[in-house]
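*Asks:* Sequence:
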Amino acid sequence: MKKTLLLVDGSSYLYRAYHAMPDLRNARGEPTGALYGVISMLRRLMLDYKDAAQYGACVFDAPGGSFREQLYPQYKANRPSMPDDMRVQIAPIHEAAAALGWTVICTPGVEADDVIGTLASQAAKEGFYTIISTGDKDLAQLVNDQVELINTMTGDRQDPDGVVRKFGVPPERIVEYLMLMGDAVDNVPGVVKVGPKTAAKWLNEYGSIDALIAQAGQLKGVAGANLRAAIPNFPLTRELLTIKLDCDLPPEHAVCALKLHAPDTQTLHRLYDDYGFRTWLRELTGNPDSVPEQDARSAAARHQVPEAPAAVEYEAVLDKAGFARWMEKIRAAELVALDTETTSLDPMEARMVGFSVSVEPGRAAYVPVGHRAPGTPEQLDRAWVLEQLRPWIEDPAAPKLLHHAKYDTHVFANEGLALRGVQHDTMLQAYVLQSHRRVNLQDLCIQWLGVTGTTYEELCGKGAKQIGFDEVDLDTAAHYAAEDADFTLRLHQVLLPKVLAEPGLKRTYELEIQTSAVLARVERNGVAIDAQVLARQSHELGQQMIDLEAQAYALAGQPFNLNSPKQLGEILFGQMQLPVVRKTASGAPSTDEEVLTRLAADYPLPRLLLDYRGIAKLKSTYTDKLPRMINPRTGRVHTRYAQAAVITGRLASSDPNLQNIPVRTAEGRRVRAAFVSSLGSVLSADYSQIELRVMAHVSEDANLRRAFAEGQDIHRATAAEVFGIAPDQVDAEHRRAAKAINFGLIYGMGEFGLASNLGITRAAAKSYIDRYFMRYPGVADYMDRIRKQAREQGYVETVFGRRLYFPELSGAKGPRAAAAERAAINAPMQGTAADLIKMAMVAVQDWLSGQRLRSLMVMQVHDELVFDVAPDEVEQLRAQVPRLMAGVAQLAVPLIAEVGVGPDWGAAH
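Quick note: the sequence shown uses our numbering, first residue 2, plus one each step.
Take these hints with a grain of salt, some might be off.
[As the list claims (entries may be wrong)] Heads up, simulated SDA-like pairs for lysine to any residue below, C-alpha to C-alpha not over 20 Å straight-line:
# : residue 1 : residue 2
1 : Lys584    : Ala78
2 : Lys567    : Arg614
3 : Lys138    : Ile151
4 : Lys77     : Asp187
[Unchecked claim] Cβ-Cβ distance ranges computed for the label pairs, FRET-style:
#  : residue 1 : residue 2 : range
5  : Ala727    : Ala667    : 33 to 41 Å
6  : Ala890    : Glu458    : 40 to 48 Å
7  : Glu734    : Arg88     : 29 to 37 Å
8  : Glu899    : Thr280    : 48 to 56 Å
9  : Arg26     : Gln713    : 41 to 49 Å
10 : Gln424    : Ser679    : 32 to 40 Å
11 : Asp396    : Arg352    : 21 to 29 Å
If you're looking for bench data, these hints aren't it; they were derived computationally from the structure.
Here the structure is a predicted model, which is why all the values come from computation and not from measurement.
Virtual Cβ for every residue (Gly too), placed ideally from N, Cα, C.
Work out the full structure, taking the sequences as your base and the hints as a guide.
*Replies:* If you want it as structure tokens, here you go:
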């Protein structure tokens, strides 16, 4: 067998692992995500190549930069400094790599790429075949008949033909390809506006960059001009991008000295224990409890987690006897973990392919009912299985555990079954504990259990080649599905005690469980849409766009494509000579919304372009799209509410997003007229100034509380306080300024933001803010208190105990710290408002169900609930809904919900 050298681009994988992994921590709170990711990659490589590669090294960048900074001081100048959480993981990563059997190389003065290039070159001379594991495109220049690249994160392999397939040019042209494109990450200049397609096209057309330069004078237009402007930089960029093949390496790093060695189990034992990698520790020792008690905190934390079973037993149930046996286990269990496998991620369309259950750790079963891969054995009849399952599924006294129960509720409903008895949901447990982290099952199992399972992508592929779950072979599918149920049960045993340990978290979790059931009902209800109204609006918006185009052409003095940033830039900054506010990464003047907004204050064309973009977005996102989203089976639009996606506890609507329909423009408000009733009327109930009321409660400010208690117009009251005038002297301008202050300050707005918002000087804005805090000192005290609290403990809390984490405050400085502080100041208001609207949803739905009313709750939009109301029930809802919403909690100021009724949402709001 040919000698094989396996080289790992450690620096590439350090960055990729850090950004790809969740924010994992050990018992002492130290970050471990990058360490876990890199060790996983190295272990996988050694497993994949244990019979092929005899030599190997893991190569990292050395501290202190390289010769490239001396050639070009701006090299990598745009890169942000390495995060502290990444930096502290470098030393243990080096130690772990060496303990796994790799030679670790860090050579000062050059980059890891250069060391890899030198070793690959030397290896070729000595008859080795080299495999480079990396995610860095620059290393493609090293590929030849004796060198290939692999990417363990994507499974991608690149031999010479693979390089051509990926980049469009052979390995020997990669440097020139990169010279034309430049590298924004490393701040290496290229040809402005030349991307991968143009770079490959030019090199294939002309053969080389030298031939391209020789013909540069014949290239027409902007592309030719940009190329000619870049030519003087080419010698420098070639040197910056070319990997060195002649680094001076010590004898111990000669290729023949890089033999892979046996793992250092003692060091791995210590590292796995220290950083909480329990599965690897168990694999190494066979008994996690045998770890030396050198870190009592680590040991104590480990004993809080139930031990994983030494072996697992997953069963595919294919006959009635097996089904009956598992039904007995299910009925006898105190809690059953349940999961479904389906044909679609769309909850309204997903049909069941099978379901899995687990009643104890390590024991699970999968019941397939819809697999159709060739060679699939006979499965139980779907209808028979569902009818046998119905009594247990629909029994509210049969306790069930799921991960994202709302989705599975839809799946069972699509099969004609009503899922009841959902007692626990691990997605919601994780969200309540750490709302700033991802809550998919895979990430949670890594974080809390130290185990990784098969991913859906590994099972079904991804992109155009992805297959449906019903096409996966049954043995593989059964293991995957049973594993999900098993892991859900194990995860529950870890998370629930943590949730129940804190009264505020327990209360929040109970609310989220109740909200999940209500949201499933609201999603299933859907909302009626009048497609003809939207069609008329689309036509009218299209006419407005045509009119605005004509006006834009007149202002510009010529026709141009309003949707082309390139043409827009040429008009605004070339022809009209407007000031350049900001440039893009490629060096072209930016024409984004922020830039146009700043220019619109002084120039008519940018203002018109903003109007055009707003109307175009409204047309494409809503008036054109909503009719296509009407479900043909129900005749209604069914949004999805993400319950565990926003740190503050707010819901997020998608497919379609019904929470972002513009309300500040007449055109946006008109869209709401297309949301109609299928029963008779639309009723809207909206909390009045809820976040300001929460501010009055949490700040304990006497003046603010008095204004609300007396039912004053809060913006008029604030204007009177800030401007030192009587309330009856407050005019529209005073009130507008006060409104900006009231809402701005609860979002942490400073004098710069207020000045920009009101179009006044920073000095005037500072004066307004100072006077506000003099009149409302409790608000200033609250802001100071919450800043300190967020920095000291990393989280703030809502009135009801929901924790809102801000880990970025740790060590943050400058604008990043200021932005995090602003978010932390506002979070208790937003979070408390989120708690209140969820409490309201639960209370109102309980009342609707208890009264057996026909009226439906059809939407939640921020602090508003929308109902489709039967004619004979309008007065009941008009009276009871605001009463229920106001009564869900007692704050220091009154809660008020305002109600409107009309034939459509626009008229009711």
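*Asks:* Determine for every hint whether it applies to the structure shown.
*Replies:* Verification of the hints:
1. A C-alpha spacing of about 17 Å is found between lysine 584 and alanine 78, which places the hinted pair at or below 20 Å, so the restraint holds.
2. Using a Cα cut-off of 20 Å, the hinted pair lysine 567 and arginine 614 holds, with the two alpha carbons roughly 16 Å apart.
3. Note on lysine 138 and isoleucine 151: the hinted pairing holds, with a Cα-Cα distance of about 11 Å set against a maximum of 20 Å.
4. For the given pair, lysine 77 sits about 4 Å from aspartate 187 by alpha-carbon distance, which is consistent with the 20 Å threshold.
5. As the Cβ distance of alanine 727 to alanine 667 is approximately 34 Å, the hint placing it in 33 to 41 Å holds.
6. At about 43 Å, the CB distance of alanine 890 to glutamate 458 agrees with the hint of 40 to 48 Å.
7. At roughly 52 Å, the beta carbons of glutamate 734 and arginine 88 sit outside the given window of 29 to 37 Å.
8. As the Cβ distance of glutamate 899 to threonine 280 is approximately 54 Å, the hint placing it in 48 to 56 Å holds.
9. The hinted range of 41 to 49 Å is satisfied by arginine 26 and glutamine 713, whose Cβ atoms lie roughly 48 Å apart.
10. Separated by about 34 Å at the C-beta atoms, glutamine 424 and serine 679 satisfy the suggested range of 32 to 40 Å.
11. Checked against the hint of 21 to 29 Å, the pair aspartate 396 and arginine 352 passes, with Cβ atoms roughly 23 Å apart.
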